[in-house]
Amino acid sequence: MSTRALRTAATGMYAQQLNIQVISNNIANLNTTSFKKSRAEFKDLMYQEISTNPQQETAPGSVEQTNAKIQVGSGVKASSTQKMFQQGDLQQTGQQLDVAIHGDGFFQVRKADGSFAYTRDGSLKISSEGSLVTTDGFIIEPGFSLDEQVLGISISSEGVISAQEVGENNVELGTLELAKFVNPGGLMSLGNNLYAETEASGTPILGQAGHDGFGELQQGYLESSNVDIVEEMISMISAQRSYEINSKTVKTVEEMMGIANNIKR
Amino acid sequence: MTEGLENAASAMRNKMMNIQIVANNLANVNTTGFKRGMTFAEMLDGEQEVTTKKATDFSEGVFVETNNPLNVAISGDAFFTVKTPEGEYLTKNGDFKIDNNGYLTTREGFKVLGQNGEINLQDELIDKNINLAITKNGEIKSDDKIITKLKISKVENEQVLTKADGQRFYNNEKQYTIANDNDFELYHGYLESSNTNAIIEMQQMIQLQKDYEASQKMITSIDSMMSQVKEMGKI
Numbered sequence: 000m001s002t003r004a005l006r007t008a009a010t011g012m013y014a015q016q017l018n019i020q021v022i023s024n025n026i027a028n029l030n031t032t033s034f035k036k037s038r039a040e041f042k043d044l045m046y047q048e049i050s051t052n053p054q055q056e057t058a059p060g061s062v063e064q065t066n067a068k069i070q071v072g073s074g075v076k077a078s079s080t081q082k083m084f085q086q087g088d089l090q091q092t093g094q095q096l097d098v099a100i101h102g103d104g105f106f107q108v109r110k111a112d113g114s115f116a117y118t119r120d121g122s123l124k125i126s127s128e129g130s131l132v133t134t135d136g137f138i139i140e141p142g143f144s145l146d147e148q149v150l151g152i153s154i155s156s157e158g159v160i161s162a163q164e165v166g167e168n169n170v171e172l173g174t175l176e177l178a179k180f181v182n183p184g185g186l187m188s189l190g191n192n193l194y195a196e197t198e199a200s201g202t203p204i205l206g207q208a209g210h211d212g213f214g215e216l217q218q219g220y221l222e223s224s225n226v227d228i229v230e231e232m233i234s235m236i237s238a239q240r241s242y243e244i245n246s247k248t249v250k251t252v253e254e255m256m257g258i259a260n261n262i263k264r
Numbered sequence: 000m001t002e003g004l005e006n007a008a009s010a011m012r013n014k015m016m017n018i019q020i021v022a023n024n025l026a027n028v029n030t031t032g033f034k035r036g037m038t039f040a041e042m043l044d045g046e047q048e049v050t051t052k053k054a055t056d057f058s059e060g061v062f063v064e065t066n067n068p069l070n071v072a073i074s075g076d077a078f079f080t081v082k083t084p085e086g087e088y089l090t091k092n093g094d095f096k097i098d099n100n101g102y103l104t105t106r107e108g109f110k111v112l113g114q115n116g117e118i119n120l121q122d123e124l125i126d127k128n129i130n131l132a133i134t135k136n137g138e139i140k141s142d143d144k145i146i147t148k149l150k151i152s153k154v155e156n157e158q159v160l161t162k163a164d165g166q167r168f169y170n171n172e173k174q175y176t177i178a179n180d181n182d183f184e185l186y187h188g189y190l191e192s193s194n195t196n197a198i199i200e201m202q203q204m205i206q207l208q209k210d211y212e213a214s215q216k217m218i219t220s221i222d223s224m225m226s227q228v229k230e231m232g233k234i
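Protein sequence lines, in the order shown, are assigned to chains A and B. Residue 257 in numbering that gives the first Met the number 0 sits at position 258 of the first sequence; the count goes up by one each step and never skips. Residue 159 in numbering that gives the first Met the number 0 sits at position 160 of the second sequence; the count goes up by one each step and never skips.
Simulated from the structure, these hints should not be mistaken for lab results. Do not rely on the hints blindly, as some may be mistaken.
[Unchecked claim] Here are some of the chain A residues that sit facing chain B, going by a computed Cβ distance under 8 Å:
1. THR7
2. GLU40
3. ILE69
4. VAL75
5. SER79
6. ASN182
7. ASN245
8. VAL252
9. GLU254
[Unchecked claim] Per the computed footprint, the stretches of chain B lying under chain A, defined by three or more beta-carbons under 8 Å from a beta-carbon of chain A, are:
10. 9-23
11. 30-39
12. 164-173
13. 190-201
14. 212-219
Using N, Cα and C, we set each Cβ at its ideal position, and we do this for glycine too.
Whenever a hint applies, use it, and build me the whole structure from the sequences.
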């Protein structure tokens, strides 16, 4: 019996430790372009019915209102971490290859192993082969190639890329496609600002920016992290206090066990 | 004499069981929609003429703003209804998600019920820039079109509900009546936090520990009395 209370308190401490890990990762990514904060979710564990109900006898004048079962819970566990895809602030950078998505959608990139990943980090570069890549060198899909003669690139809010070439007028190169998901919260974080499709997120729906619910593109801007430092600080205080109070349970039960041991001198 | 011993021992067992309830409340201090269990001493509310027993404290937790369009907090004596393989369950936890088939589900993947059954939002999500809203009386709207209405259930006496993991509640029939619109209010973009009150739990914990100690003292003094009785027998 008593060791169960100890285990329950331990689940509480473990859950808060995980909570702190999630919060510290949010704070560490305060300045990460297009970072989306996470939140730890908790759920209570199984309940066990204790057959002995010490107040079972109904005294005169009392009303039996419960189901006459005493249920004892066995603690808490972290059920999931939830990504919060709220829009981060758009910051002007003046770089012609910085593109922020204002609204829903992800850029689709191809990883080295050939599979697709999704990102909202629009700090794009031109690779040595002339294709549009992310900072980490992943090629934006569907891609297009540029030659060295390009003077300037303009990207419209609907994703149409046009290049100004030497001695020529603007040439339209193609359109950036965006991907969106039925349940973006179900995407798996891969690190490097990338996300992968999972069963929970559903398959990507491709479309043009500014149409059918896709966000608009903003050239010369980057989306900043959506972490709110005040909110994280408050969560951190609350997690620390919860950790502390669960450790008090451990201490109390430990003392009670000591008392029980002292029955026989 | 031994009767006193047994009483004290049963009091100790009882206190230890209560500590387990307090420990569970404290472990779930950050669990959305959690309702704290009451210790045996708290259960008997003898202020009025009749004594009522309560096993779960259904008082409202604090509503925290999350701005997540799939978060809803429920105010009043009513619950969300979810469908599981074992039947319908009730919950106060309005932290929902949309699964890969477009159904509105709980975090654990149980489908949230509307008044016409399961709620599928796939069409609304794909076709247009969805502006999902949930009104105070439970209507799910995309812009001005009402898609469906959440099944908000009511139980005449909440104390008959049994708790299950994942902040769920149920009674044996697992069939629930729909609540009237004026019984509840929904807050869209909010979550109801756990109603565990750290101060009450700490106070309970101190009291239980002291009572436990007192019962132990009782046992040791009965024990020494018994040994004195034995001494009397010696000449």
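For each hint, the structure was consulted:
no.: 1; hint: THR7; verdict: 4 Å, holds
no.: 2; hint: GLU40; verdict: 6 Å, holds
no.: 3; hint: ILE69; verdict: 7 Å, holds
no.: 4; hint: VAL75; verdict: 4 Å, holds
no.: 5; hint: SER79; verdict: 6 Å, holds
no.: 6; hint: ASN182; verdict: 5 Å, holds
no.: 7; hint: ASN245; verdict: 6 Å, holds
no.: 8; hint: VAL252; verdict: 6 Å, holds
no.: 9; hint: GLU254; verdict: 6 Å, holds
no.: 10; hint: 9-23; verdict: holds (count 13)
no.: 11; hint: 30-39; verdict: holds (count 5)
no.: 12; hint: 164-173; verdict: holds (count 4)
no.: 13; hint: 190-201; verdict: holds (count 3)
no.: 14; hint: 212-219; verdict: holds (count 4)
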